[in-house]
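Going down the list, the sequences are from chains P and V. Numbering follows our numbering, in which position 16 of the first sequence is assigned residue number 16; successive positions increment by one, without gaps. Numbering follows our numbering, in which position 18 of the second sequence is assigned residue number 18; successive positions increment by one, without gaps.
Possibly wrong hints are sitting among the right ones.
Pairs of lysine to aspartate or glutamate residues, derived as EDC-like cross-links and limited to a Cα-Cα distance of at most 16 Å, are as follows [stated by the list, open to error]: (1) V/K62 - P/D341; (2) V/K20 - V/E31; (3) V/K20 - P/D96; (4) V/K62 - P/E237; (5) V/K80 - V/E31; (6) V/K84 - V/E3; (7) V/K20 - P/E374; (8) P/K392 - P/E375; (9) P/K147 - P/E278; (10) V/K88 - P/E237; (11) V/K20 - P/E375; (12) V/K22 - P/E396; (13) V/K22 - V/E3; (14) P/K392 - P/D367; (15) V/K69 - V/D10; (16) P/K392 - P/E374; (17) V/K22 - P/E395; (18) P/K147 - P/D87; (19) P/K427 - P/D363; (20) P/K313 - P/D363; (21) V/K20 - V/D42; (22) V/K80 - V/D24; (23) P/K427 - P/E374.
Where chain V lies over chain P, by a calculated footprint (3+ residues, C-beta under 8 Å) [claimed, not checked]: (24) 209-217; (25) 227-237; (26) 360-370.
Keep in mind the hints are simulated off the structure, nothing from the lab. Every residue, glycine too, gets a C-beta built ideally from N, C-alpha and C.
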Amino acid sequence: MHDTPLIGSYNPDDVLAWEYGGPRTARQFLADVFSLAESLPDRPAVLNLAASRYEFLVGFSAAILQRQLTLLPQSRAPQALLRIAADYPDSYALTDSDEAIEGIESLPIRSQGGRVSRPMEIPRVPLNQLVAIAFTSGSTGQPMPNKKTWGALTAVACATGSRLGIKPGERAAVVATVPHQHMFGLEASVMLPVMHGLVMHAGRPLFPADIRSALAEVSGQRILVTTPLHLRACLTEGVRVPPVHLILSATAPLARGLAQEAERHFHTEVHEIFGFAEAGSVAERRTIDGDRWRPLDGVRLVQADRSWVVQAKYLPAPVRVPDRITVDAEGLFVIHGREADQVNVAGHRVSLGDLNQKLLAVDGVEDGVFFFPEEGSELVTRLMAFVVAPGKSGEEILRALRGHIDPVFLPRPLISVPSLPRNATGKLPRESLQELARQWLARQDHGA
Amino acid sequence: MSEISALEQDVARLIVQTLKLKVDPASIQPEAALFGEGLGLDSIDALELSLAISQTYGYQLKSSDPEIKAIFSSLRALAKAIEKNRTK
């Protein structure tokens, strides 16, 4: 088998997506794809920035048919987009609003559910076709490209579906709070439903009341693809939702207590996916059953030197696991923490080295460092930063950083200091930074 | 500078406390932007803030609310929406 169909098993009039305006059938979807594909400029690569999951899918599919590579930026920061566009000459952007992206030629996706008379014909896509690049932050300040073939995306979707017992034909509906430009979002909220003939909700609900509305809009079995952050928000708010068949959480570790509470509140099982952009989804567990992760079918963890790598038929080369793990005789594994340089803020992984580089590149900053404090009781633990920048205000530095890094990583707070506690070798031991943070917090409490 | 109401002062304090901002609540300009350029808040802040507003004032925010952008546009707009929709 060298190619597979663009979408799973749908009858022409089956609902494929639920848009704000109403249902979109498989037939309408293909008409939208063909119509957009014809109007796309002849270019090698496209930044798909569509906010609607449906318009994103139409754009992604049209690009695949035209053999164009879809670029998935990790951040919407203008400089980050420009940098990616500069690395892919002749690339352009697809949006679903009238939003203009400064410095990048932008084209709107306007799917009007155009009428089609031709019989439904599902195009096939070669498994080895490179269809997407997901960017992650490297320690050098440059976005790192992670290439995804059609074979990799479809294999992960099928392995995830079979692990979760999703049966094509059951026609469940997937509602997701995660962004589809994020690797987990692409896999679990776009590829998973579309490969299994399910209904994909196009929205991206944020507040608990939005999640309730989105779930109420679809009928039949409901699958909620979300994050610990949104689950905690729903529980805090005590929002009452229609029956949910399954909850799938990822992007950050879900505490077992929270999973237990969510299972009780939603009357359903809460499963988690472990993965990272370089490899895609790797393993699954039902959180309340314990710490151990079971790799998806076709995925193997192999020891290489002092770290572990993921092997799978669809990965061109083994991929290093960015977390410290131990693997038992059955191949199940436990995660002990992240590698030193990596932090996760609200499901976005970033290298502290990368952030430090960007901070040091700000005009007027003589020295500076990002610091990830111990996780506290708030929904999301934010980064803080210490900076030596005489004559620069915190506002000026933040404004400069905002153009280069995802807002989620902006330091909160940014603290000006006369110097950083560098040791004899110029390094900044974590203990010294912890002490600096502790002193600062003590002063704050005192002042308050 | 325009007058600031008691509710606006309360909401400013709620914002600063909830989001652990390093600013004096009294320094938040009632008409200035909260998100993007102004205080630089993001969607996670919006979520945290919505929970605090719901717990304090019994008002559940929804992003399908056609006014949502306007509601979050400034302290004054947010306080006005809370005033109108509060249940406690």
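How the hints compare with the structure:
no.: 1; hint: V/K62 - P/D341; verdict: 37 Å, violated
no.: 2; hint: V/K20 - V/E31; verdict: 21 Å, violated
no.: 3; hint: V/K20 - P/D96; verdict: 34 Å, violated
no.: 4; hint: V/K62 - P/E237; verdict: 13 Å, holds
no.: 5; hint: V/K80 - V/E31; verdict: 12 Å, holds
no.: 6; hint: V/K84 - V/E3; verdict: 19 Å, violated
no.: 7; hint: V/K20 - P/E374; verdict: 15 Å, holds
no.: 8; hint: P/K392 - P/E375; verdict: 29 Å, violated
no.: 9; hint: P/K147 - P/E278; verdict: 8 Å, holds
no.: 10; hint: V/K88 - P/E237; verdict: 15 Å, holds
no.: 11; hint: V/K20 - P/E375; verdict: 14 Å, holds
no.: 12; hint: V/K22 - P/E396; verdict: 15 Å, holds
no.: 13; hint: V/K22 - V/E3; verdict: 23 Å, violated
no.: 14; hint: P/K392 - P/D367; verdict: 12 Å, holds
no.: 15; hint: V/K69 - V/D10; verdict: 21 Å, violated
no.: 16; hint: P/K392 - P/E374; verdict: 28 Å, violated
no.: 17; hint: V/K22 - P/E395; verdict: 11 Å, holds
no.: 18; hint: P/K147 - P/D87; verdict: 14 Å, holds
no.: 19; hint: P/K427 - P/D363; verdict: 22 Å, violated
no.: 20; hint: P/K313 - P/D363; verdict: 46 Å, violated
no.: 21; hint: V/K20 - V/D42; verdict: 14 Å, holds
no.: 22; hint: V/K80 - V/D24; verdict: 21 Å, violated
no.: 23; hint: P/K427 - P/E374; verdict: 20 Å, violated
no.: 24; hint: 209-217; verdict: holds (count 3)
no.: 25; hint: 227-237; verdict: holds (count 5)
no.: 26; hint: 360-370; verdict: violated (count 0)
The structure does not agree with the numbered hints 1, 2, 3, 6, 8, 13, 15, 16, 19, 20, 22, 23 and 26 stated previously, though it agrees with the rest.
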